[in-house]
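> Listed here are the chains, written in short residue letters.
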Amino acid sequence: AQSVAQPEDQVNVAEGNPLTVKCTYSVSGNPYLFWYVQYPNRGLQFLLKYITGDNLVKGSYGFEAEFNKSQTSFHLKKPSALVSDSALYFCAVRVDNSGNTPLVFGKGTRLSVIA
Amino acid sequence: GAGVSQTPSNKVTEKGKYVELRCDPISGHTALYWYRQSLGQGPEFLIYFQGTGAADDSGLPNDRFFAVRPEGSVSTLKIQRTERGDSAVYLCASSSYGRPTTDTQYFGPGTRLTVL
Numbered sequence: 001a002q003s004v005a006q007p008e009d010q011v012n013v014a015e016g017n018p019l020t021v022k023c024t025y026s027v028s029g030n031p032y033l034f035w036y037v038q039y040p041n042r043g044l045q046f047l048l049k050y051i052t053g054d055n056l057v058k059g060s061y062g063f064e065a066e067f068n069k070s071q072t073s074f075h076l077k078k079p080s081a082l083v084s085d086s087a088l089y090f091c092a093v094r095v096d097n098s099g100n101t102p103l104v105f106g107k108g109t110r111l112s113v114i115a
Numbered sequence: 001g002a003g004v005s006q007t008p009s010n011k012v013t014e015k016g017k018y019v020e021l022r023c024d025p026i027s028g029h030t031a032l033y034w035y036r037q038s039l040g041q042g043p044e045f046l047i048y049f050q051g052t053g054a055a056d057d058s059g060l061p062n063d064r065f066f067a068v069r070p071e072g073s074v075s076t077l078k079i080q081r082t083e084r085g086d087s088a089v090y091l092c093a094s095s096s097y098g099r100p101t102t103d104t105q106y107f108g109p110g111t112r113l114t115v116l
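Protein chains in written order, with the working numbering: chain A, 1 to 115; chain B, 1 to 116.
It is possible that part of the hints are untrue.
Stated by the list, open to error - Beyond 10 Å from chain A on every Cβ pair, some chain B residues (computed): (1) G16; (2) Y18; (3) T52; (4) S58; (5) F65; (6) E83; (7) T101; (8) T114.
Claimed, not checked - In silico lysine-lysine, DSBU-like type, Cα no more than 35 Å apart, as pairs: (9) B:K11 / B:K78; (10) A:K107 / B:K15; (11) A:K107 / B:K78; (12) B:K15 / A:K58; (13) B:K78 / A:K49; (14) A:K77 / A:K58.
It is worth saying that the hints were derived from the structure and are not from the lab. Everything numeric in this text was worked out from a predicted model, so none of it was measured. Glycine is no exception: its CB is placed at the ideal position from the N, C-alpha and C atoms.
Just chain A, with the same shape it has in the complex:
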């Protein structure tokens, strides 16, 4: 079975500092990895995904993530955090097969950027 772990419930970072939100995954097969962000009372917004190719994926709002197969990780990063980045972040994984497999989400990490 596939699973995702987000080991930190909360990440605090000062505005202007780099931020990292961690994600590790477990699948049998090739993983497809996604990051979503959720603002209060709003649905999930897609940030970026890794399917194949370059391990460094660039996404919306200056976010990027690096796929590391040996460490089974897909950490989300941003060089300089903004107060407006404060939100709930979800990592998700699907496994490559010929049919549909559900998108499996982590529990989420709450990012708080302090001015």
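Following the hints, complete the assembly by docking chain B onto the known chain A.
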């Protein structure tokens, strides 16, 4: 363009009642998904439609839950004999189904269901 819409945004009901939650996907998207998000958790998969048919309903928790998509666009999630444990945010997502496992799913704002 318009995103995924869900109605109502909030629904309060009493234990034992029947509820319907509606999802209107992005125009042209053939794949539609329902998820349930409990407090402090990530979304959990319920059911997936490809066109009009339920391609995967393995996430439905029991037979009180049912979903339809009769014309391949709007979908309705139906919950019979609601229980307090059904209280959650119900999220709908759609994707274009070029290739299901790699397509990006776009989510609606959700319906917050509260069962008293």
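> It remains to establish, for every hint, whether it holds in the given structure.
Hint check results:
Look at G16 of chain B: its CB is around 28 Å from the nearest CB on chain A, clear of 10 Å, so calling it non-interface holds up. Residue-level check passed: Y18 of chain B sits 25 Å from the nearest beta carbon of chain A, beyond 10 Å. At the 10 Å boundary, the C-beta of T52 of chain B stays outside the reach of chain A, the nearest C-beta of that chain being 15 Å off. The claim that S58 of chain B is not at the interface with chain A is violated, since a C-beta of that chain comes within 10 Å of its own (minimum 8 Å).
Every beta carbon of chain A lies more than 10 Å from that of F65 of chain B, the smallest distance being close to 15 Å; the non-interface claim holds. No beta-carbon of chain A is positioned within 10 Å of the beta-carbon of E83 of chain B; the least distance is around 23 Å. Distance check for T101 of chain B against chain A: the nearest CB is about 5 Å away, which does not clear 10 Å, and the non-interface claim fails. Against chain A, the non-interface label of T114 of chain B holds: every CB pair exceeds 10 Å, the least being about 14 Å.
Proposed proximity of K11 of chain B and K78 of chain B is supported: the alpha carbons are some 13 Å apart, at most 35 Å. Straight-line distance between C-alpha atoms of K107 of chain A and K15 of chain B comes to about 27 Å, which keeps the hinted pair within the 35 Å bound. Taking the CA atoms of K107 of chain A and K78 of chain B, the gap is near 26 Å; set against the 35 Å cutoff, the hint holds. Between K15 of chain B and K58 of chain A the alpha-carbon distance is near 46 Å, which puts this suggested pair outside the 35 Å criterion.
Distance restraint check for K78 of chain B and K49 of chain A: the Cα-Cα separation of roughly 31 Å lies within the 35 Å cut-off, and the hinted pair is therefore satisfied. The straight-line distance between the Cα atoms of K77 of chain A and K58 of chain A is roughly 10 Å, inside the 35 Å bound, and the hint therefore holds.
Of the numbered hints given earlier, the model fails hints 4, 7 and 12; all others are met.
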